[in-house]
Amino acid sequence: MNKYLEVAKISFKAQIVYIFDVCIAAVYMVTKILFAYVLWGAVFRENETVAGFTYPAMFTYYIFSSFLSQIELSGNVSEEISSSIRRGTFSKFMVIPAGTQTYFIAQTFGVMLFYLVFILAASVAWTVLFRARFMMTSNPVLILEAIIMIILGLVFMIQLNYFLGILAFKYLDISAFLMIKSNVVAFITGSLVPLSLLPDAVITVMRIFPFYYVTYLPSMLLIGKNTEEALTGIIVLSAWFLLFTVLNKIAYNKLRVIYDGVGI
Amino acid sequence: MIRNLRFIVALLKLKLSRTMMYRLSFFGATFVDGSLFILWLLMFKAIYSQVDSIGGWSQGQTTVFLGTFSLLNAINMTIYFFGVIEIPDKIKTGDLDHYITKPVSPLLRLTFENINIGSSPLIILSIWIILYGVSMLDTPIRTGNIILYIIFIILMAVLYYDMEVIIRTIPFFVISASNIQMLEGAIFEMCMRIPGVLFDRILKIIFYFILPYGIIATVPAQILTGTASGRIIAMSLAIVTIFTMFTLWFWKFGLRHYKSASS
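Heads up: the sequence lines are chains A and B, in that order. Heads up: the first sequence is residues 46 to 309, going by my numbering. Heads up: the second sequence is residues 130 to 392, going by my numbering.
If you are wondering where the hints come from, they were derived from the structure by calculation, not from laboratory data. Hints may contain errors.
[To be verified] Simulated pairs of lysine-lysine, BS3-like, Cα-Cα distance not exceeding 25 Å:
#1 226(A) x 381(B)
#2 174(B) x 270(A)
#3 144(B) x 231(B)
#4 381(B) x 221(B)
My request is simple: use the sequences and hints to build the entire structure.
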């Protein structure tokens, strides 16, 4: 466990070099919040409530979902793995005395923690700047459930991106596929629009999959909505976490033998 | 003019023979951007399932807007995007030397040397989105509006190009402007999802006159749906003219500051 803690620490410290990139990431958040401010501002000028949301609730939802999508940096995992396989430099991950999947989880969490500070500061700044009425639940149980779900969701997203990354052993160039994945993930996690706006049948199907619980449900819990789904969410996410732990182990052991370490 | 056209055709042939080597990623951009616009279409469909209009715009108008942005993006991706994005790198590495020393305009060659035919199916997808939007409108579309719409699509494709070149000319002065380009990408993506009519006060000034992404798809969509005023049409024409003149001047000005490989 200690070695993974060290990996996380090193990744955390390494971000100091890229401090400007981290600051820019915090600034980018404004485009998502500005989107909510303009679009939903126009919608709520004509309607008092939309799908059970008031304007302050909707705006707070976007603050939380933007915050979560900004700290969700797992996309780097699939990009790093696939590009290092393509270049033939993945060997460095194979020779270190650590499990590759856990290594990437530790590395990503180290980076996330560094980003967390800046993104949190940016979230507060944008909320004040847009003079938004912030609507967060004061129920400590709900907040705890949301935090557990956020951590599980982040781990699951790293696992998913790890799985997609190691597919490069077989297919080499998966960059277009990864871009399509990030487009789809933005929609099905509720980063673009709250999932409660979708038809009931679609939401029912989405509840089986983990994406519903990565951004959407924690954001809803933090604004005091969908409270009855919290426990189900934690159970479903845990099940997907276990499934992907096994799946990734099998896939890695099967695919790594194709790797020639030469690169193209 | 004919000489330039022959040159562009030659560049296209060269590019085609190169891209055919990577058949799997040939249609990559089409799938990536196609999925993006379809998801945005679904996003607006979800919002319109709850409300009748957004800032006075019906679902049909918003769909026409999305289709128009998709069409402009498709034109951009097919014709000049992959050429223009290489400008900063060529300035930084000094590769621009090879362009300056050739008997043809460096900007012309850079613009057309990476035509990406693999993105062209996006044009068909965009037209489908526009037609879908038109089918949802209450009022019929007039022929005059269609002609003016086509003219404005060409003009806005030029404005889109102007904005891309201006941002990518900055490295002549600051060497690296990668963060400015990333910020530009984020702002542009935001404007792709918000009809310009929704901006007001300071945001309207920013996205109509300073970074005119707000008018790129909005004005053609307004023209096609018959809601554009003469004033907005005239203003858009003026913006395109000013930005095009500025782009050409700024490029030449930047080129004079080019320090070759020492950049």
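- Has the given pair, residue 174(B) with residue 270(A), been kept, meaning a C-alpha gap of at most 25 Å? Holds, at about 23 Å.
Q) Hey, residue 226(A) versus residue 381(B), does the alpha-carbon distance stay inside 25 Å? A) The given pair, whose Cα atoms are some 40 Å apart, is violated under the 25 Å limit.
Under the criterion that the straight-line Cα-Cα distance not exceed 25 Å, is the pair residue 381(B), residue 221(B) satisfied?
-> Roughly 17 Å between the alpha carbons, so the hint for residue 381(B) and residue 221(B) holds.
| field | Agreement of residue 144(B) and residue 231(B) with the hint, judged by alpha carbon distance not exceeding 25 Å | value | 18 Å, holds
Checked against the numbered hints above, the structure breaks only hint 1 and satisfies the rest.
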